[in-house]
Amino acid sequence: LVFTEEDKYGLYSNLLFKYFLAEGVVCGHDLFVASAKEHPDNILKELPAPLLDDTYRNELGEEATAVKSEDFEDSMKIAWRYQNLPKMEASPTTSTKFGHYYDVSKTMSSELFQSIKWHGFYLPEELSFQPKMKTCIMNSAYARLLQSIQRIIYQEGFDGSDPQKKQKNILRIGIQSLGSMLWGDDICSSDTPEDIHSLTRFLYVLRGLLRKSLSACIITVPAHLIQNKAIMERVTNLSDMVVGLESFIGSERETNPLYKDYHGLVHVHQIPRLNSLICDVSDTKDLAFRLKRKLFTIERLHLPPDLSDTVSRTSKQDLAESAKLLSSGCGAMAIGKKHLDF
Amino acid sequence: QGKFTLLRDTRTDGSFLVHHFLSFYLRAGCKVCFVALLQSFSHYNIVAQKLGVSLAAAKERGQLVFLEGLKSCLDLLFGEEEEQSGQPSPLQFISESASNLKALFDFVQTSLTPAGSDSWKGPVLLVDDLSVLLSLGATPVAVLDFIHYCRVTVCSQLKGNIVVLVHSNEDSEDEENELVVNSLCHHSDLILWVEGLATGFCKDVHGQIKIIKRVSLELTAEQDLVQIYQYKIQDKNVTFFARGLSAAVL
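Which chain is which? The protein sequence lines are B and G, in order. For the first sequence, this note's numbering gives the first residue as 1, with consecutive numbering after it. For the second sequence, this note's numbering gives the first residue as 1, with consecutive numbering after it.
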């Protein structure tokens, strides 16, 4: 269960959402798309087109060769010990191919859609059906959504209930902007919501459904609007993976020289620890994303060299503040207390 | 015998302790009732196999009673009316407006009360994790009542042990959770508190564990015994070492 905290204007989290669905189409998985504000048909029309292997390698390859040719000339003179360290890879290497890459400037062709089966859930259209579940448990919109998901899982045999189905496939579920007012939940608008357990109960039941079947789910939530932080803590506990996107639009970080190459930060709050005692933690916790003309990339955030002549106290302070915020770790591995600074 | 152990984690995942206690008690030959609210049976099974215990076999021979919370909840909400047998679901409180956990307690009591033919040593109740009950709608008072009833039955009457995992956070905004955790801390005989390192993330030391033996509860005017170790989790094992003496440093 991948839980994504939306950035302020929802631009980038929407992109991530579409990537998840697009990957499903390319891999031949079935899709289930749920939204309260956009019709699933429209969402699916806007999925990014997959890049064929050659074009992507060419693009990456060009950048890589441009950099390499400069290097061979100068060897390090002062910090020569660093020469032997491997060059830091800012983006994933092309040698390890996992998943596909997408071109955000083009939309996916409809031929690719023909091969997969997809189901949509558009809340305004579903309001006429009565949910079978008792509605005192949770918000009726959530109840309807759960009912719909459960029905699809059962009917299409994702939970193994149909032994005659030979081909096992995966169901990719995408739920957009859960918890927002469009779903009838008031956790985004008031400090003391009417039914504080609606969202958490929904997530628990969803988790049960996911564990029982061959499915994966991504949910985007406007976390910045949720007033009651206790809900966010509980929700983090109930999800396998929690990722937060923070975009720089409209914030003071837009002009911070530290972030000039990037459009936002990626906060990984929790990574899944399934079927094992440990989880696979990457070396670095500081990730940033940027949206180039064709690609959306997530890279390690590295400080640019401090080369300015006039290094005033205030600007250094800003950089130090930002740098402190960077290494805050993620929930599955330990986070330290904040009072220590260097 | 008759001890209540509280597993507490702050900003990190203390579930490795749950896996440890599960395999520990099963190997010791105790009858275990495991209320697993957060993960599926296969997850625990796979990890337990790495630790050398087979949960499926334990279930077969009646040593382990496993309540898979996620599955039970689905059965409750999506199950057909005819399927529900005479026994109410242990997680009934989710669908009812009354939020008492009596059904869950009845389940625990029936699982751990020894039947005539049992030859297991002492009963054990293991809960992973208690904070989920609050997310599902139980009030903090209901949760504390449940634990109290379990203590009376399991610890006092049956002379068994209880191990419970909770999450907590010093600057948490979840007041209900903090209330439950603080209350349980006061009543525990042993607290294992797993935290992140104060200096932040480290690849070789995953965190520190504080072991608090509540000797002060025994009214002998002694203070609690506190020991602190650091640990690193590996695929099949967890290594503990004194602070600052991780293998990477030596």
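Honestly, I wouldn't trust all of these hints.
Unchecked claim - In silico contact screen, one side only, chain G against chain B (beta carbon under 8 Å); selected entries:
(1) Phe-66
(2) Leu-70
(3) Leu-77
(4) Leu-136
(5) Thr-139
(6) Asp-174
Hints in this document: simulated from the structure, not taken from any laboratory. None of the values given here were measured: they were computed from a predicted structure. Here a beta-carbon is modelled for each residue, glycine too, at the ideal position from N, C-alpha and C.
We went through each hint and held it up to the structure:
Checking Phe-66(G) against chain B by beta carbon gives a least distance of about 14 Å; that is not within 8 Å, so the hint is violated. This hint holds: Leu-70(G) has a C-beta 4 Å from the nearest C-beta of chain B, less than the 8 Å allowed. Given the 8 Å rule on beta carbons, the hint for Leu-77(G) holds: about 6 Å separates it from the nearest Cβ of chain B. Interface hint status for Leu-136(G): upheld, as the beta-carbon distance to the closest one in chain B is roughly 6 Å, under 8 Å.
About 11 Å separates the beta-carbon of Thr-139(G) from the nearest beta-carbon of chain B, more than 8 Å, and the hint is not met. Taking 8 Å as the C-beta contact cut-off toward chain B, the hint placing Asp-174(G) at the interface holds, the least distance being around 4 Å.
Checked against the numbered hints above, the structure violates hints 1 and 5; every other hint is satisfied.
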